[in-house]
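**Q** Sequence:
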Amino acid sequence: MSEKSWWNAYLERKHGAGLVALTTEVEELSHCHVISASGKLTIDSSPELLERIRESLKRTTCLKLDLKGVHYIDSSGIATLIRGLKLAQEQSAGYVLVDPSPKVLAVIELSQLQDFFVIEPSTEASVPQP
265 MSEKSWWNAY
275 LERKHGAGLV
285 ALTTEVEELS
295 HCHVISASGK
305 LTIDSSPELL
315 ERIRESLKRT
325 TCLKLDLKGV
335 HYIDSSGIAT
345 LIRGLKLAQE
355 QSAGYVLVDP
365 SPKVLAVIEL
375 SQLQDFFVIE
385 PSTEASVPQP
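First residue of the sequence shown? That's 265 in this note's numbering, and the numbers climb one at a time after it.
By construction, these hints were calculated from the structure, which means they are not laboratory data. Bear in mind that the values here come from a model prediction, so they are computed numbers and not experimental data. The beta carbon of each residue, even a glycine, is placed where N, CA and C say it ideally should be.
What follows is a set of in silico ranges between Cβ atoms, one per label pair, in the way DEER data are often shown:
hint, residue 1, residue 2, range
1, 354, 379, 17 to 23 angstroms
2, 374, 294, 33 to 39 angstroms
3, 370, 294, 30 to 36 angstroms
4, 333, 374, 18 to 24 angstroms
5, 339, 318, 17 to 23 angstroms
6, 292, 333, 15 to 21 angstroms
7, 382, 322, 19 to 25 angstroms
8, 338, 295, 30 to 36 angstroms
Simulated pairs of lysine to any residue, SDA-like, Cα-Cα distance not exceeding 25 angstroms:
hint, residue 1, residue 2
9, 332, 350
10, 367, 384
11, 350, 381
12, 367, 290
13, 304, 332
14, 304, 375
15, 304, 314
16, 350, 369
17, 322, 296
18, 304, 385
19, 350, 325
20, 322, 293
21, 304, 291
22, 350, 291
23, 367, 343
24, 304, 316
25, 350, 380
26, 322, 363
27, 367, 298
28, 367, 287
29, 350, 292
30, 304, 384
31, 350, 316
32, 322, 354
33, 332, 366
34, 350, 333
35, 332, 346
36, 367, 347
Let's have the full structure, built from the sequences with the hints guiding it.
**A** As structure tokens, this is what we get:
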């Protein structure tokens, strides 16, 4: 068994089969892009989200990450959220975490990053300022 398949088998045993992947959808509104993520934000799935963030920031000055469907996040996922914020700041774009799930919010708070991010309860809130 390869190292990658061994690791995925371990994760499936620990967290449940079918819960390894992260899915993302981008909604391009006239004033803002909303990236909705669901699943697990881990070392394996973080590059996909970071690429979506990069692509969206090329086309908008307002980005919201809807995290209500993310039920698991590891340190790589947190690093991806931070990197996304840095990319947005470099481009003078607004960057908001929207409705993080209780588990994601707990990790953000445990990491003492709740004041580092703008966190809103829904995508209907105001447009973030850069």
